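Chemist: Top line first, the protein sequences correspond to chains A and B. At the far end of the first sequence sits residue 327, using numbering that gives the first Met the number 0, and the numbering has no gaps. At the far end of the second sequence sits residue 327, using numbering that gives the first Met the number 0, and the numbering has no gaps.
Keep in mind the hints are simulated off the structure, nothing from the lab. In this text, all values refer to a predicted model and were calculated from it rather than measured experimentally. Among the hints, erroneous ones may be present.
DSSO-like, lysine-lysine: derived pairs with alpha carbons at most 30 Å apart [stated by the list, open to error]:
1. Lys79(B) - Lys54(A)
2. Lys54(B) - Lys1(B)
3. Lys49(B) - Lys79(B)
4. Lys256(B) - Lys102(A)
5. Lys256(B) - Lys282(A)
6. Lys54(A) - Lys32(B)
7. Lys137(B) - Lys49(B)
8. Lys49(A) - Lys223(B)
9. Lys160(B) - Lys49(B)
10. Lys256(B) - Lys49(A)
11. Lys102(A) - Lys206(B)
12. Lys32(B) - Lys79(B)
13. Lys256(B) - Lys160(B)
14. Lys137(A) - Lys54(B)
15. Lys1(B) - Lys137(A)
16. Lys32(B) - Lys192(B)
17. Lys54(B) - Lys282(A)
18. Lys49(B) - Lys256(A)
19. Lys256(A) - Lys1(B)
2 protein chains.
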Amino acid sequence: MKALLVDTRSEYPVMRMDEASRPDPGENELLVKIKATALNRADLMQKEGKYPPPKGASPILGLEMAGVVENTGRGVSLYKKGDHVFGLLSGGGYAEYCTIHEKLAMPLPDGLSFEEAAAIPEVYLTAYQAIIWLGELKTGETILIHAGASGVGTAAIQLAKAMRNARVITTAGSEEKCALTATLGADLCMNYKEEDYAASLEETFGKNSVDVIIDFIGSPYWEKNINVLAMDGRLIYLSVLGGSAVENMSLIPILRKRLTIKGSTLRNRSDSYKFDLTNDFRKHAFSLIESGALKPVIDSTFNWEQCEEAHQKMADNLNAGKIILTGM
Amino acid sequence: MKALLVDTRSEYPVMRMDEASRPDPGENELLVKIKATALNRADLMQKEGKYPPPKGASPILGLEMAGVVENTGRGVSLYKKGDHVFGLLSGGGYAEYCTIHEKLAMPLPDGLSFEEAAAIPEVYLTAYQAIIWLGELKTGETILIHAGASGVGTAAIQLAKAMRNARVITTAGSEEKCALTATLGADLCMNYKEEDYAASLEETFGKNSVDVIIDFIGSPYWEKNINVLAMDGRLIYLSVLGGSAVENMSLIPILRKRLTIKGSTLRNRSDSYKFDLTNDFRKHAFSLIESGALKPVIDSTFNWEQCEEAHQKMADNLNAGKIILTGM
C-alpha cells in the first residue's frame, strides 16, 4: 500500500509518499481502507523525532481516521466488511490502510462525511477526557479554555456548552480566532496578544471565578491560571507548548483554594482506558454529534500528496480547527 | 462554663482558664458535656492569630471532642441525652460544653475511652479524606506518608493498611518515631534527618514507585515527591509546614507521568462535605475501629489546666501521636 513516510535525508525531515506493507488485522482488529485522516501537533513532533510512537504502535504518522472496513480479524463481533467507521489510532493514519481494535472504532453517524468524521476522534476524545473525566465539570460551572480556536479548543467549547451548559471563556491569538470561538458558543474570548487575559476575565466575572481550566500553554500562564481559579478549581494540562519551567511557584493557593492540578496525554494511555473513553463518549456525546450540537470545525482539507503544505500551515499556527488529509 | 481562652496581654499569647457563656444547641445540634479534647497544629496557629476560625464557628480553640449528650436542639433525631458521642468541631473543644450538629457526631464505639475517642476525628477523617477520597488509593498500591509519626500520619498508616492493604512508606525525624510507624504497619520508614528519603526509597522499591503521597511539608520535598511518583501518581497536600515556595518547578513530569496534585484542608469545608465524610467514614472504617485495626495513637494526656505544657510539647515536635486534654 501507499503511505506517507518521514524522509530524513535532507536538512529537515519531510513527508514522502512511499510503499509500505499493508497491516494484517490481529485478534479483534479491523482492517480499514482509510478515506480521510487529520493532522495533530504530535505528528509534527514525531516527524522531528521528538515523539516516538508507543510500543506496539505503527511507526507511520496519523492518530485518527475515517474509512471503510475492508476485512476483519479473529473474534471481531461489532463490525463487518463494508461498515463505515472512524476512530483513534496510536499511529498509521497517513496510509491507504490501517488496523484498529473494534472497541476503538465508532460507526459513522448519519450525515457525517469521512472528512468530518476523521476530524472527531483526537480532539473530541481529548476534550471529553479533559472536561468530563479529569476536570469533572459540573452543570453551570465556568470553564476557561486556552487556545480556544485549536482543534481540541473548538471541541472543548462545544462539549462544555452542550453537555454542561457551562460558562465558557476562551483565549486565542487573533480577532478571527476569537470570532470563531464566539460562534461555537464561547461567552467571552480574549486575544492574549492584545490583553492580559486574567485582568480582563476578573473584570468581567470577578476574582476566583473559574472552576476548570484546560491549558496547552504551560509556564507562561501558570500564575494567571492559579490566580483566576475558584475554590476547588481544577487545572488540566494537555500540553505545555509555551514552556514548562515555572519560577517561584507557591503551594499556598493550591492548599488554600483546594486546587487540583492534573496532567494528561491521551496517546500513551492503555488500550482499556481508550476503550472505556471511546465507549463513554459514544454513550454521552454521540447523540450530540447526530443532532449537530457537536460539529467538528474543519480548517481546510488537503490531498494527502500536499501533506507538507498542510504540516507547514499547522506549524505556522494558521489553522483554526482541524486540517484534513484525503485522497488515499 | 469554664473554657480555655487565649490571653494576648503578655509577650506571647497563652491559654488561660476563664468563664465563657455556655452555647445553646441550635436546630439539629447537640449540647455535649466534653470529657476529652485533642490538640491540633491549627490550635497553635489560631492561638497566634494566624488561623482565624471560619465564619459561624466558636472562637474557642479545639477541633474535636468526646463527651456526653447533655441536651438536644430542635429536630434532633439521631441522639438523646446521655448518649456518648465524639466528633469534629469547627472550634469550641477547649471548654466544658460545646454544640455539634448531629450529623457530625458519631456514637462512641464499644470499649473506647473518651480520651481515645477524642483522638479520632481530626486525624482519621483527615487521613480518610486524603487517602480514600482525594488520593483514591487502590488495593495493593504504594503510599508514601510524610510525618508518619504525626497524628494524621499514624492514622494514615493504619487506614492505608487496613482498608487498601497498601505498601506503606513513611518518613519521620527520629529512630523512635520510625519504630512507631513500623509497629503501626509501615513497610519502610526513613529518618529524613539521616538519609535522602528519595534515594533510599528508590533503592528499595525502584524508580517511579509511589502511587500516592500524603505531604504536610511542602517545598523542601516538592522535587523528590515528583521524582518518586509513579505514572498516574497523586500528590496530596494537607499542609506546607516546611515552606511553600518552590523554585524552578517543571510541568514536564506532571504531563509525562499524568500526575495529579491536590491541596486540601478539612476545617474550611462545607457542613454538607463534613456530613458526607463523617458518614462515609462511619460506613467503611467504623468496624475497623471496633475490631482494633484502627487504634488511635495517643502520645500523652494532660489535664486541661496544663494546656500550655501540652502546646509546648507539640510546638517542639516532641509528640508521636495525639496529645489529649481532659479533666473538664
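Chemist: Check the structure against each numbered hint from earlier and tell me which ones fail, lowest number first.
Modeler: 1, 3, 6, 7, 9, 11, 15, 16, 17, 19
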